[in-house]
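Starting from the known structure of chain F, arrange chain S on it as the hints suggest.
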Amino acid sequence: MSLTLLLEKYDVSTEEGLQKALNEIEKEECEVDEALSSALSRACTLEGRLRSASQAYSKLGEVKNDAQVAADMVDKTAGLARDVSAKVRQLDLARSRVAECQRRVHDLIDLRVCSAGVEAAIKAQDYETAAGHVSRFLSMEPGSVAAARARGPDPRTDMDAAARTLRDQLRIKFEEAAKIEDDASVERLFRLFPEIGRAEEGVELLTGYLAAQLEASLRRAGQSRSGGAVFADTLTRALETAAAAVERLRRLLPPSRHMLLVQGLRALQPTVCSSVRRIWSELSPRPRPRPPHDKPDPLRLEPALSELALALSRMQLYFNFLRRRPEHDASLTDDARRESVRAIDRIIAECDMTLTAQEHLAHYLELERYFLEESVNKAMKLSAASCDDPGSSLVDDVFYITRKVIRRAISTGSVDGMCAVMNEAGAQLERAARALRRGLAVTPHDVLPLAPPRSTPAPAPPEAELYLAHLAEAEAGAEWTERLATEACSEAEAAARASAGACDKLRSCAAGLSGAAASFRAVTELGVSSLRAALLPAVTAWGDALVDPDSDVDELAEEAGALPAALDTLAEALRGRLASAGDLLLTGVLDDLLTRAHRTLLKNTYDRRGGLATERRCRRVSLWAGTGAPAAREKARALSAAAALLALERLEHAPDALPPAALTPAAARDVLARRSDFKLEDIKRLKL
Amino acid sequence: MEDYKFLFKVVLVGNAGVGKTCLVRRFTQGLFPPGQGATIGVDFMIKTVEVDGEKVKLQIWDTAGQERFRSITQSYYRSAHALILVYDISCQPTFDCLPDWLREIEEYANNKVLRILVGNKTDREDREIPRHIGEDFAQRHGMYFLETSAKEAENVERLFMEIAVELMEQAKCKELPKYDGSLGPINGKTSSDSSCCLRS
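Chains as they are written, first to last, in our numbering: chain F, 1 to 688; chain S, 1001 to 1200.
Simulated from the structure, these hints should not be mistaken for laboratory data.
Note that the Cβ used here is the ideal one computed from N, Cα and C, for glycine as well.
Among the hints, erroneous ones may be present.
Claimed, not checked - Calculated Cβ distances over 10 Å to all of chain F for the following chain S residues: (1) Arg1025; (2) Phe1032; (3) Pro1099; (4) Trp1101; (5) Leu1102; (6) Asp1126; (7) Arg1127; (8) Pro1130; (9) His1141; (10) Glu1157; (11) Glu1162; (12) Lys1174.
As the list claims (entries may be wrong) - Cross-link-like lysine-lysine pairs, in silico, DSSO-like; alpha carbons within 30 Å at most: (13) F:Lys381 x F:Lys404; (14) S:Lys1112 x F:Lys378; (15) S:Lys1112 x S:Lys1172; (16) F:Lys87 x F:Lys59; (17) S:Lys1112 x F:Lys381.
Just chain F, same shape as in the assembly (with noise of 0.2 Å):
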């Protein structure tokens, strides 16, 4: 604090400021001295630390000199090894030079062997020795050769004048060789092209005798005819023979030369597809029906067919052969085998083969719609004609016969083919479900024995069995038309090995034979409702005897068991006639029963008596229906519950009696005021 504030602060002029400044100070001059030494205590470490840092100082001088001096010699370390390396450099120039020389001294040496020998060779006609050696003089280096030649005669000359020798006598050779059909000397002489580097002229020369040996066999093919199937039989004989050629030039071929193999086959493919066209044309059997004059018996045309669908699946199986070669060879990269595969799949789309194949599939497909639509027919009208027999076969007959042509059609191997048949079975199979839809139109009286309270059922007219037959060939069709087109795409995306857009449209047509399907589970469900329709009025008559208030007590026995007795006598009826159709019908039927009773009991008025009659009857009807579905059951246990509330002695007995969340309290109220002797506000006034 500065005097001039201790001057301020207290006042001076009495003796007592005097004192309290002078403490002031006093206590301040304390701090001051307590700051002080504290400073100088620490003087003496500052000292110390101060003394340390000199010293490493001059410690680090003397580091710098160390590491001056290890970069120096790092630098001068790099110096000699950037000589040593420039000096290996020179020294691998060097070397490389003199393998250069050498190589060219061997290329001059061999030059000589080789102008020399190869003349010699050809005279003596040994013609490896002379393409070995013209091999050589084509691997040379140029520069070799241009070395020869700056030192005397062009050796190129020469050489090459025997090259062309070589090649013309090889030529000559092995059309003399191909004359006699020498297989071995033709071989061997093929082989001798590639190394002169003439390969293309080889595979041409190779193809050409190919081709005419493969003309003449197929020839031969074509013209023994024994057995049934003549024209599959030719057809697989010489598409055999063309694999066995086209397999021949591939093993015969340099390997890695794919293009050649390429070029090969578009040279031998010609001849393959003009016999193929001349054995399609010749013999494919061409039964051409021309409805409505000329219709013969689709049962006839089997044969045929069965000879079409083979002779495609052999054209396709020719063609996956085809695409298959490339495949064969291991020393191909891939981007070269792929380029093989698109060539080749060029040869076989621009191929007149294909276009026979076309025609062909074209003709099988006009016969199978044919035979698929005559045999459809047929049973139709079988079916129509055998009214009186109950066993109608309809379903069976059509299924039967799609299964059999799609699975034609599969063999075939061709996927568009295996959709078009996928798409007329579709449309047959319709066509049957609209039959059957005609033959369930109008329901047959009495054609279940079902008859009103207190009759015995009249008897069965022939066409109802008829009619339940034809509900259940719907019932078996959709389950069948399901189970087909399921059956169908599995077997084609497997027997066409189809690409994923071939697999879709497959999927796509099956999906067809589905609705097929769903038009069969239509018409099951048309049937359904139309029985149930049928047995409405009985029905209704049932319903209302079984909640009767007025009834005998000397029958009450009787009566009790008669409508079980009844519904079984219908169960046992639909029991192996239909199978889910016919547990739908019961069902449906039990479900319009107990509705109209229970609607009825909120009509009627019951004493005690009538109660306990309409108690028993319901009791041994929600029984039968405990074993049948969870609707109908809980309906049964529904009513039987508000019977059991009518039979009640006494009013308050009805919580008791009352199964729980049978009934809802309101409901309960309503069946228990048709009692005539319970009071309304009784009834209100209940806790249930």
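Relative to chain F, chain S alone:
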């Protein structure tokens, strides 16, 4: 399961080289591939479009125009919801063949199928069939009519979208449930008074 409410099959027919494949490729892929080879058999492509906020899947079947594929292509008529009959406006023979195609449609297709006549290649300078001739033909035979250019992408989108709208309306009228594999007949409005609805 893919998310769509309706699935319709649309089949394109007509002579070889009238541009059926190009129309399909233009609509489904937005491409015009020149120098296209002839279609072999039948090809199919799918495009899902949206109509009134509802997804409609169009399954478009592109058929080969050449005679030898007829028995394959005919089998697709029955299940088609719409048939597009295409001719080339610069090539009289493709127009002259239309009655033959119609006979085939009568024979094999559902009689209530939606039928559309399309004159393609309006980008060509050498038109041979005037627009009104095509229109008259369509009207006479109770078909919708439209001229398109797959090359210039003219009316292609419109063609398929109008088909989708029309088929959806029909399906809704019949209250067809979600596609369940069944391709029941669809109420086709083929009377001549409605054929003007696609006209520009």
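Hint by hint, here is what the structure shows:
no., hint, verdict
1, Arg1025, "holds (14 Å)"
2, Phe1032, "holds (20 Å)"
3, Pro1099, "holds (22 Å)"
4, Trp1101, "holds (17 Å)"
5, Leu1102, "holds (20 Å)"
6, Asp1126, "holds (29 Å)"
7, Arg1127, "holds (33 Å)"
8, Pro1130, "holds (35 Å)"
9, His1141, "holds (24 Å)"
10, Glu1157, "holds (23 Å)"
11, Glu1162, "holds (23 Å)"
12, Lys1174, "holds (14 Å)"
13, F:Lys381 x F:Lys404, "holds (20 Å)"
14, S:Lys1112 x F:Lys378, "holds (28 Å)"
15, S:Lys1112 x S:Lys1172, "holds (16 Å)"
16, F:Lys87 x F:Lys59, "violated (43 Å)"
17, S:Lys1112 x F:Lys381, "holds (28 Å)"
Going down the numbered hints, you'll see the structure goes against just number 16.
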